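Just so you know, the protein sequences line up as chains A and B, in that order.
At position 43 of the first sequence (counting the first as 1) the number is 43 in this note's numbering, and the numbers step up by one without a gap.
To convert a position in the second sequence, counted from 1, into this note's numbering, add 114.
Keep in mind the hints are simulated off the structure, nothing from the lab.
Remember, predicted model here, so these are calculated numbers, not experimental data.
Every residue gets a Cβ at the ideal spot worked out from N, C-alpha and C, and that includes glycine.
Treat the hints with care, as some may be off.
If we take Cβ atoms under 8 Å as the criterion, some of the chain B residues that face chain A in the derived model are [what the hints assert, rightly or not]:
1) 140
2) 142
3) 145
4) 152
5) 162
6) 166
7) 168
8) 193
9) 197
10) 198
11) 204
12) 208
13) 213
14) 215
15) 224
16) 228
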Amino acid sequence: GDSVTQTEGLVTLTEGLPVMLNCTYQTIYSNPFLFWYVQHLNESPRLLLKSFTDNKRTEHQGFHATLHKSSSSFHLQKSSAQLSDSALYYCALSPRGNTGKLIFGLGTTLQVQP
Amino acid sequence: ETAVFQTPNYHVTQVGNEVSFNCKQTLGHDTMYWYKQDSKKLLKIMFSYNNKQLIVNETVPRRFSPQSSDKAHLNLRIKSVEPEDSAVYLCASSPDRGANTEVFFGKGTRLTVV
């Protein structure tokens, strides 16, 4: 079945260093949509960015990700972490079909330290 | 700014009781969802409605029953709660149910079953 894997449960790094959060997925569909949602403490998840196009970089709010269908990956990156980036990041997959359903990974907590 | 409103914010109840959670969205969206976020932050879809019609019903115990009076409202009733029902229940909505649709989450209802 469809699934999303986020290998890191917790990523801790120092402000100013680059961020990379891993996401791989499995699906039978050849054209899935991939998403990153971010949830700050005591807030609800909100969309950070999404992609459908193979090998095309998608950017938003300083973060970027590229969907690579050959490796079934959609890693989230940022060149320089800020304290305000500390949050829970979910990678999500939308299987094809007319339901709007999202399948989420387990999430990666990013802690940025001064 | 929150446009998906959930009540109550918190609810503590005893095993075996019945609880109801309310959700309203003011975005004019056609599709609404209930997601469950457990203590490990696993986020999983429970139900999805499109224009008051149930379109997604995941493997959820029968004690859970969604109710939709119109496309702006989606409530959740749990008959005879059990300890494993302790979680944050997130209501969400999206403009449509396409695979690329953005999902907007409410702030959640935190249920504690004692």
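How the hints compare with the structure:
| no. | hint | verdict |
| --- | --- | --- |
| 1 | 140 | 15 Å, violated |
| 2 | 142 | 15 Å, violated |
| 3 | 145 | 5 Å, holds |
| 4 | 152 | 10 Å, violated |
| 5 | 162 | 6 Å, holds |
| 6 | 166 | 15 Å, violated |
| 7 | 168 | 11 Å, violated |
| 8 | 193 | 24 Å, violated |
| 9 | 197 | 22 Å, violated |
| 10 | 198 | 18 Å, violated |
| 11 | 204 | 7 Å, holds |
| 12 | 208 | 5 Å, holds |
| 13 | 213 | 4 Å, holds |
| 14 | 215 | 5 Å, holds |
| 15 | 224 | 11 Å, violated |
| 16 | 228 | 22 Å, violated |
Violation of the numbered hints given earlier is confined to hints 1, 2, 4, 6, 7, 8, 9, 10, 15 and 16; the remaining hints are satisfied by the structure.
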